[in-house]
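Position chain B relative to chain A; hints supplied.
Number of protein chains: 2
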Amino acid sequence: MIAKKRYNYFRILALPILLYGLFAMHSCYAQEHPSLILTKKGVSEIRTQLGKLPLFDSSLAAVKAEVDKEISTGIHVPIPKDYSGGYTHERHKRNFLMMQKAGELFQILQDEKYAVYVRDMLMEYAAMYPKLPLHPQTRSYARGKLFWQCLNDANWLVYVSQAYDDIYDWLQKKDRDLLEKTLFRPMADFLSVGNPQFFNRIHNHSTWGNAAVGMIGLVMDDDELVQRALYGLKNDGIKAGAKDNDGGLIKVEGQRAGFLANLDEPFSPDGYYTEGPYYQRYAMYPFLIFAEGLHNLRPELKIFALKDSVLLKSVNTLLNLTDADGEFFPLNDAQKGMSYYSRELVTAVDIAYHFGGNDPQLLSIARNQDRVLLDDSGLSVAQGIRDGKAEPFVKTSINLTDGPDGKQGGLGILRYGNDVLTLVFKYTAQGLSHGHYDKLSFSLYSKGDEVIQDYGLARFVNIEQKGGGNYLKENTSWAKQTIAHNTITQNEITQFGHDYETANKHHSDLYFFDASNPDVQVVSAKEDNAYPGTGLHRTMAMIKDDNLEKPFVLDIMKVTSNKRNQYDLPFYFMGQVMETNFKYTSPTVLKPLGTANGYQHLWVEGVGGPASDNIKLSWLDQGQFYTLTSATDAQDELLFTRLGADDPEFNLRRDAALMIRRKDTQNTVFASIVEPHGSYSPVSEFAVNATSSIKNLKVVYDGADYTAVTIEDTKGKEILFVVTNRDASVKSVHQLKIGDKVYKWTGAYHLFGE
Amino acid sequence: MIAKKRYNYFRILALPILLYGLFAMHSCYAQEHPSLILTKKGVSEIRTQLGKLPLFDSSLAAVKAEVDKEISTGIHVPIPKDYSGGYTHERHKRNFLMMQKAGELFQILQDEKYAVYVRDMLMEYAAMYPKLPLHPQTRSYARGKLFWQCLNDANWLVYVSQAYDDIYDWLQKKDRDLLEKTLFRPMADFLSVGNPQFFNRIHNHSTWGNAAVGMIGLVMDDDELVQRALYGLKNDGIKAGAKDNDGGLIKVEGQRAGFLANLDEPFSPDGYYTEGPYYQRYAMYPFLIFAEGLHNLRPELKIFALKDSVLLKSVNTLLNLTDADGEFFPLNDAQKGMSYYSRELVTAVDIAYHFGGNDPQLLSIARNQDRVLLDDSGLSVAQGIRDGKAEPFVKTSINLTDGPDGKQGGLGILRYGNDVLTLVFKYTAQGLSHGHYDKLSFSLYSKGDEVIQDYGLARFVNIEQKGGGNYLKENTSWAKQTIAHNTITQNEITQFGHDYETANKHHSDLYFFDASNPDVQVVSAKEDNAYPGTGLHRTMAMIKDDNLEKPFVLDIMKVTSNKRNQYDLPFYFMGQVMETNFKYTSPTVLKPLGTANGYQHLWVEGVGGPASDNIKLSWLDQGQFYTLTSATDAQDELLFTRLGADDPEFNLRRDAALMIRRKDTQNTVFASIVEPHGSYSPVSEFAVNATSSIKNLKVVYDGADYTAVTIEDTKGKEILFVVTNRDASVKSVHQLKIGDKVYKWTGAYHLFGE
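These protein sequences, in sequence, are chains A and B. According to the working numbering, the first sequence holds residues 4 to 757 in order. According to the working numbering, the second sequence holds residues 4 to 757 in order.
Same shape as in the complex, but just chain A (with noise of 0.2 Å):
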């Protein structure tokens, strides 16, 4: 059914080519309109390729007929009411998606029934908006009035700036004047000095915020607006300390406010965004929609030149924070599953491809998301496809640093082949409100599938039955707390004793990061202010040794305290445990581990002990086979542990560890090794190299200057793995006895008998 006609303008019936040129007569405007994200050059342009350029076409396609089915159920406009997830939240989402659209295929079908649609809408919103209260939801700081907070305002005028933008000059200056009078100035208040709490952050919600009434401020040719999103507001009235609903920090002294600090602060020089790769992914949007209208409308300000081109280098950061699905590394809160299909990084590729110096390797990624805006990039980009230019994309060792001068710790990602084996070691800063106290925790992928996983957030998002589609509780007492990773808690403590003010002053450090040579490849950083008192040191080093199949991890992680404690070091792995070469025992109950700091979520499913100096653990997943070898003290308890106690609405994933408990220690090293191996198929039932080939781990030196252990492979074979504690220079030279024999060596570190 089509949408009823409320508004009774004059239409023309011309031809669609006259009838434009009739409507861009009409502005009286200086500025030309569309002039945001398309162009009227573009737009021309655009047309003439139709048909000529297959991913284009396609995309046009598939969006034509998106819209269409849409606008064939009419337009539904409700009172604002529920969260993410119901219907009033993902109803307004998909008016703003819509419109978006229907402006763009307004444009280059020149027909006007997309442009009667977004204007209709807009009117039904028009009428609406004035006198909408505040959202009735009341769980977010800033409350917002279509949506339940701010947030999800800005977004909706975010996209709809760029509709507003494509029917401009077709719309009657009446109907511009009334929607800019009841609409768009009104929003792009209250989203501003209406909530200062929520606009003036460093924040993703504020680049969300700025962007939203800066975009709106550049169609309307209101600089006064484009002044507020890019600096922020000027007096905003909040205390230094204000929290938002997550708990995260709204205010330090001294911040800086607007679109540009917010390009300057959450991303490092390397493109590293402090939050992680899922909000990276989330924020891009804003960033780049926004900087590509600001380098249409405001030349001047060079917005993708910034910072040593920081915008346009980001893009290629996320694409490396990509296992070899093009999933991100779920990193602090971070759903699974979000990958480089979705429609953010569409935006991100295309706009990075044609602003960014037409990278070929971007090419395949665009050919891999099977779709293009329906803009200037994405002409550029599928123009760039059709001539054959795609080259693959190659992701490679790479040391990511974090904060706005590089100083604030990083991220190591090791490498082995084409993501045969990827390691993700984070020694972050604390990454603002949605950070995780996880330092020095890792993740393991082989290709796509977690070896070792990253839990990821406790969240269903926009699912309404799962707490209205946000944040769950269990975000809070599972999720964040350091023993749902894998890295050391010290006495059942969560690092920073889970006080984000505290974490947030502090960062990791690297010690060195060496992805030089492909078969040795190592990173080492510290953490001194987790635990007070005590300093956490890990190394981990990626080696592909010539009598072993594949490649594997080598994980030392030292501690030093000045007291004795407990240390817990989980190892989250994924698949089902073949075999130990330990015994344990099975509890006829199954009881928690603990009562808070997450222990409380986890069942014990098996306490055990070493039955000799090295533990072995291994597990079958997805047809590989994987060993986790640990140099053990006779002493240390063995935990089998289950996630899902303490979740009575199966919030949770039924996860498994093994988890590696050392008590009444002082200073001590937890050596291990993770080894994928062989292969497995239900089809041909072959089991192929089935077991590890790792026959001894050992800690044969641990000082203050140094830490090495000796590996021991089945084949008789032994290597010997140096780090340097206390000088991660390159060029300085080593010299240490163990035993009998004496090494020497030049750098922080070294592989003998390789």
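Rather than coming from a laboratory, the hints here were simulated on the basis of the structure. Any given hint could turn out to be false.
No distinction is drawn between identical chains; accordingly, a pair holds when it is met within one copy or between any pair of copies.
Using 20 Å as the maximum straight-line C-alpha spacing, the simulated SDA-like pairs for lysine to any residue come out as follows [said to hold, decoys possible]:
| hint | residue 1 | residue 2 |
| --- | --- | --- |
| 1 | K718 | N550 |
| 2 | K176 | S480 |
| 3 | K553 | S400 |
| 4 | K237 | F515 |
| 5 | K594 | L646 |
Leaving out everything else, chain B in the frame of chain A:
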């Protein structure tokens, strides 16, 4: 490294073509070689087609690469020692697979190195075999010599017979004499007269044994062996009632034996194999490959035409027993993931195409398999595909009878669309020793995803660490138990008292099956022996209602008993719980639900009761939402269970169920709906249609003659489904008054209000 040549035979250096003719002339047998699977005529045809058939050429190249790599590692014939998964087991298995392929390569490529490889390896076996004692592992009721069970020795001989046939003419007569005298004939005797308890059963073991003896007999032109294979041992000296190490019956009174009896008994006239598709797949290879040999060398038997062409028909049946990914439904003992991509199904599909009238639908399966046999049948398939004859394989709703005469129950499969929703309803006979005690159970699939699962077996086939790759004790204590399945357990006792002899005497009975209307498909069956004194009558309907987005399954389980009992009906749903409409408590410690019959393996994660006369449980899996709606009594107990108790070696998956427990009840009806709806993507983060469209499900009538339920949807429409209980005739006219309304219909069921 090329295998060291250990035998100094005269080697001809002439051109291959010439050479081939010369060798053929050397034969002093009337029977030509090859003639078993490859034939002289076929080889000649294959050679003329080389380079012209893409799928044949790529299959040949893959096999050549595999065999060449294997040859380069040398010949390894170790003294037998290990269970499945262990080195010697896997090595000998690899040897027979490689010899069979090398034989084909010799014929097709006429490169002598392949013949040399087969001969040299056979000579090593011939040198070892006469000295071999029984295999040192003692678990089997019929220990082999090369392997721990005769079954695997028979596998060896089935494959090696083909290799021997391929190089027969090339071998010198003294070598043939040596091989036959010291290896083949002794092995054939060992597998038959030496192990009558293995050879003379009605069981897939015996089929392998029969084929092994028969195929080597055909190659050696030893008709005594062929007769033994076809008709079994006349006097086996086995007592009726003897059992194997898995508890399977070896002999029942008056049992026939041999290949023809095995063909006759376990296959129903519909081509359903009583052990289920996993074992049917396993048995298909010896059935079809020996049949092909008999077709070639004993054409007078008309083997493919026997029992209304049951062998060829069974291939089609087997393909219908798969989900959208080609994976077999895991009925009875079955390893999940086994599919039509297995080597056995490549054989089955190619042979069925070639000897079964060139059904073009089989070509699309072969195309998915992406490889063909290197013989006459593979050539046919490759030609058909090249010539564009392939048609989609259309899987339909199908009712398959069980039992040699088709009168021992069966299996009903209801499908909506192209496997959009697939219901597998089991009312079969016991399925011999690999059968599970799960009369009237079901499983449900959405495309290739399990919605309500059947557990399958508890075993990691060929993974040595897991109990030598054999059946685990949890297969008996869990997988075979009734409570492991989606059907009724009475008084916490497994059906038939878990007594195989009893179960083997009975089968469920079809009441009716009607898939004539794709929008209302129904299957209904009864079981009166699982619990003496209690009758179970389950009716399952797949309904597509215009008001609902997707088809759903209606499940009516009617229980009638001569006393009061406790009835447990679990639903093993796959996915994460979204919400329930009932209250439950979550224990602070987890305890097992019981102490025996499978209950000892179930942790109780929640205990609740209905808040209204309907319970609802929604979950999310693989991007789709599902809701179970069930009409419940106020006194019902609702149990969330999680598998994994009493499982010290982590042999079981941690799968969940919702169990409806009705205590102290005599006659009752469990009415439920399983409803797929909506979608969720972690990439778009859109949650569509996330809640159930069923408002109310009500049992409005239940009597001796009729049971009726109403289904009200959220749009307010109500439909009424009525099923007769004692008259399945399609012609009978019925009348029933419910409340004030009189319903009239013809046939065993009717859906009113649709």
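How the hints compare with the structure:
1. K718 <-> N550: Close inside one copy (7 Å), not across copies (66 Å); limit 20 Å.
2. K176 <-> S480: Classified as neither: same-chain Cα gap 54 Å, cross-chain 78 Å, threshold 20 Å.
3. K553 <-> S400: within (17 Å within a copy, 46 Å between copies)
4. K237 <-> F515: neither (41 Å within a copy, 78 Å between copies)
5. K594 <-> L646: Both: 11 Å inside a chain and 16 Å across chains, each within 20 Å.
Consistency note: the structure conflicts with the earlier hints numbered 2, 4.
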